[in-house]
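Visitor: In case you want the letters, here they are:
There are 2 protein chains.
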Amino acid sequence: MTEQQHATDTPFGSDSVGIVSPQTLHFDQPLMLACGRELPEHDIVYETYGELNAARSNAILICHALSGHHHAAGYHSADDRKPGWWDSCIGPGKPIDTRKFFVLSINNIGGCHGSTGPATLNPATGKPWGPDFPPLRCRDWVESQRLMMAHFGIEQWAAVIGGSLGGMQAMRWSLEYPDALRHCVVIASAMKLSAQNIAFNEIARNAICSDPAFHGGRYLEHGTSPKQGLAQARMIGHITYLSEDGMKEKFGRDLKAGDLKLGASGPVEFQVESYLRHQGERFAGSFDANTYLLMTKALDYYDLAREYDDDPVAAFSHAKCSFMVISFTSDWRFAPDRSREIVNALVAADKPVSYAEIEANHGHDAFLIPIPRYIAVFGAYMSRVGEGL
Amino acid sequence: MTEQQHATDTPFGSDSVGIVSPQTLHFDQPLMLACGRELPEHDIVYETYGELNAARSNAILICHALSGHHHAAGYHSADDRKPGWWDSCIGPGKPIDTRKFFVLSINNIGGCHGSTGPATLNPATGKPWGPDFPPLRCRDWVESQRLMMAHFGIEQWAAVIGGSLGGMQAMRWSLEYPDALRHCVVIASAMKLSAQNIAFNEIARNAICSDPAFHGGRYLEHGTSPKQGLAQARMIGHITYLSEDGMKEKFGRDLKAGDLKLGASGPVEFQVESYLRHQGERFAGSFDANTYLLMTKALDYYDLAREYDDDPVAAFSHAKCSFMVISFTSDWRFAPDRSREIVNALVAADKPVSYAEIEANHGHDAFLIPIPRYIAVFGAYMSRVGEGL
Numbered sequence: 001m002t003e004q005q006h007a008t009d010t011p012f013g014s015d016s017v018g019i020v021s022p023q024t025l026h027f028d029q030p031l032m033l034a035c036g037r038e039l040p041e042h043d044i045v046y047e048t049y050g051e052l053n054a055a056r057s058n059a060i061l062i063c064h065a066l067s068g069h070h071h072a073a074g075y076h077s078a079d080d081r082k083p084g085w086w087d088s089c090i091g092p093g094k095p096i097d098t099r100k101f102f103v104l105s106i107n108n109i110g111g112c113h114g115s116t117g118p119a120t121l122n123p124a125t126g127k128p129w130g131p132d133f134p135p136l137r138c139r140d141w142v143e144s145q146r147l148m149m150a151h152f153g154i155e156q157w158a159a160v161i162g163g164s165l166g167g168m169q170a171m172r173w174s175l176e177y178p179d180a181l182r183h184c185v186v187i188a189s190a191m192k193l194s195a196q197n198i199a200f201n202e203i204a205r206n207a208i209c210s211d212p213a214f215h216g217g218r219y220l221e222h223g224t225s226p227k228q229g230l231a232q233a234r235m236i237g238h239i240t241y242l243s244e245d246g247m248k249e250k251f252g253r254d255l256k257a258g259d260l261k262l263g264a265s266g267p268v269e270f271q272v273e274s275y276l277r278h279q280g281e282r283f284a285g286s287f288d289a290n291t292y293l294l295m296t297k298a299l300d301y302y303d304l305a306r307e308y309d310d311d312p313v314a315a316f317s318h319a320k321c322s323f324m325v326i327s328f329t330s331d332w333r334f335a336p337d338r339s340r341e342i343v344n345a346l347v348a349a350d351k352p353v354s355y356a357e358i359e360a361n362h363g364h365d366a367f368l369i370p371i372p373r374y375i376a377v378f379g380a381y382m383s384r385v386g387e388g389l
Numbered sequence: 001m002t003e004q005q006h007a008t009d010t011p012f013g014s015d016s017v018g019i020v021s022p023q024t025l026h027f028d029q030p031l032m033l034a035c036g037r038e039l040p041e042h043d044i045v046y047e048t049y050g051e052l053n054a055a056r057s058n059a060i061l062i063c064h065a066l067s068g069h070h071h072a073a074g075y076h077s078a079d080d081r082k083p084g085w086w087d088s089c090i091g092p093g094k095p096i097d098t099r100k101f102f103v104l105s106i107n108n109i110g111g112c113h114g115s116t117g118p119a120t121l122n123p124a125t126g127k128p129w130g131p132d133f134p135p136l137r138c139r140d141w142v143e144s145q146r147l148m149m150a151h152f153g154i155e156q157w158a159a160v161i162g163g164s165l166g167g168m169q170a171m172r173w174s175l176e177y178p179d180a181l182r183h184c185v186v187i188a189s190a191m192k193l194s195a196q197n198i199a200f201n202e203i204a205r206n207a208i209c210s211d212p213a214f215h216g217g218r219y220l221e222h223g224t225s226p227k228q229g230l231a232q233a234r235m236i237g238h239i240t241y242l243s244e245d246g247m248k249e250k251f252g253r254d255l256k257a258g259d260l261k262l263g264a265s266g267p268v269e270f271q272v273e274s275y276l277r278h279q280g281e282r283f284a285g286s287f288d289a290n291t292y293l294l295m296t297k298a299l300d301y302y303d304l305a306r307e308y309d310d311d312p313v314a315a316f317s318h319a320k321c322s323f324m325v326i327s328f329t330s331d332w333r334f335a336p337d338r339s340r341e342i343v344n345a346l347v348a349a350d351k352p353v354s355y356a357e358i359e360a361n362h363g364h365d366a367f368l369i370p371i372p373r374y375i376a377v378f379g380a381y382m383s384r385v386g387e388g389l
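Residue numbers (the UniProt record's numbering), protein chains in the order written: chain A, 1 to 389; chain B, 1 to 389.
Everything labelled a hint here was simulated from the structure, so no lab data went into it.
Check each hint, because a few of them may be wrong.
Covered stretches of chain A, going by a simulated chain B footprint (3 or more residues, C-beta under 8 Å) [stated by the list, open to error]:
| # | segment |
| --- | --- |
| 1 | 25-39 |
| 2 | 206-217 |
| 3 | 234-244 |
| 4 | 300-306 |
Label pairs and their calculated CB-CB ranges [claimed, not checked]:
| # | chain 1 | residue 1 | chain 2 | residue 2 | range |
| --- | --- | --- | --- | --- | --- |
| 5 | B | 125 | A | 261 | 25 to 35 Å |
| 6 | B | 26 | A | 266 | 26 to 36 Å |
| 7 | A | 81 | B | 259 | 46 to 56 Å |
Here the structure is a predicted model, which is why all the values come from computation and not from measurement.
Each residue gets a CB set at the ideal place from its N, CA and C atoms; glycine is no exception.
Whole structure, please, built from the sequences with the hints as guidance.
Guide: Right, here's the structure in full:
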């Protein structure tokens, strides 16, 4: 596709990748996992935006976060009103400029948007994997993404890019396959989660596993789904992805229903309660509970420097790429301090690194939002990535 | 009791109030509530520490927070290893010095530690009140505390003191009955909750109400209790009462079980997960779910200045007492900013106010902990309260 085509073919404007279609690739060979088990075969659902150049040197890998998937940009039909999750950053003229770059966005294994995961059939039993799906680490996703890379005949990514859990995958790429990427962009991420982060993930998991419809993870075999628990988990997550100031601005103490005057009776509902419930229910209708458990555990277990004597400088000494690290002031789940730790380790390891802390009151969700300075800084870095392709 | 008696009668040391016994008072007269309904009759369970002087001028009212109760200091038996919840601040030589003050600590109506609440019998039906218990506001507790005041023949409190939701009651006292208190001590509190606070309370309530054992609040009639939901609610609360730094120091990423090495399989449990689960289960075994719902709603609905044209300065202009306001640096649930708003409004209303922001990494729970500077500052203020009694 070219820019001109978008402007005429679709109603989405010249900075959109337009209508995109997910594809599926099947891998027959077993994938050895960090837990010591093998995934016998697997599917990967993916989308691509832009064109791979002849030298295959302009490929960008997008790594998704906890609830993300392959549909990062564009629309699935002309009536589709909701673009991909990172449409603010991927498209003609956007930071990840599809006039220059070929962008590959996949749904990770363990996910629930078409790639092999707990909700797909275990070939050994003919039943859904459910709780028997192997536990995954970030490095397993890197290995699976390597297979995709080989499929496309790409020898080196121009950049591996991700926010949050996606940033953790990008960093893992830089350590495991230093020659396979020229740039690593790590947004709103961390080298490991804090005890508080783990605690929030644990209560989210507890909500799911306590739902009577969970059935020890075999809910699909029971023809049900732990929707209450999953909604509760999402509500917890959602609060922590927003900032206190952002919530104040968006909802304040406004009421959706009822009256708080003295003498008034009947139920009272704050706007923020109604919003959270809606978010929880919507998510629970489209996400797989076992995937949520698997993804939060991968987050908790991630520790960039564990295999490097707990020394992030020693870890990053293996990297050969350049780094861009971005954080957001009001992000308290992956706070700027966590990004500064990454930057400090990279500097100590003598690696080229750019760092930007973006003023934003959107909390952790800021990485999905087209905040002007964020877009400018990210775009400027990506221009350098695109130089001389 | 005197200090000498404690030192010889009990094994608890000279700065403890020693062994204490809860008492119960029954009130026959109906109590008109803010919602427009009447509580036909009610019991109040209480404890007292120290002696009421002849002038009845040395009485201190302790207002408890969300999960608090009447047992604020001392021990219930010689084998009792766990003192009352605010034992760090109440006793001979402690900030609330029982050699000088007569301290009254009650379990608020709506509670679940012996005072009339959702778990007690509704005289009209002979069944537990359950979800039919009237919704309460802070001002209802003030009214109920007024009845206790009259019972003891106290015309003016030397001070009304509370942390968190307790501080909200203390502030309400200063506006509703300006002549009834000389001092108001407001610790780790706020004039109203933020959207984020309301959101956390809502997911806690959602956890309780989603538990199949909740039965629309009539779980006692079903001979059960929504323990899973209540445990989940407590876990959520608990994370938010601690600070990120405090959790890091206490738990870090230490494992309780399992192994995160590559190739290791089997379940992994972080210390912080085990701790939270234990806290949740313990709480769920001793607290009433309907009380939790009622208390969190009272918190959410509290808005100091609602009946004063949303102007806290106009609200506080009615107060006649002196104020002490205390906050803790790492408390993000009732942040120092919220206390500064109280102080600023008091200053603008030309009221005498002392303010201390205490450096502490214990989060909201800091108000329960004997942090030296906190104890010193609180104690110094209480010395002034005790002058010339």
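Visitor: Each hint needs a verdict: does it hold in this structure or not?
Guide: Tested hints:
no.: 1; hint: 25-39; in the structure: holds (count 4)
no.: 2; hint: 206-217; in the structure: holds (count 5)
no.: 3; hint: 234-244; in the structure: holds (count 5)
no.: 4; hint: 300-306; in the structure: holds (count 4)
no.: 5; hint: B:125 <-> A:261: 25 to 35 Å; in the structure: holds, 29 Å
no.: 6; hint: B:26 <-> A:266: 26 to 36 Å; in the structure: holds, 31 Å
no.: 7; hint: A:81 <-> B:259: 46 to 56 Å; in the structure: holds, 47 Å
In this structure, none of the earlier numbered hints is contradicted; all agree with it.
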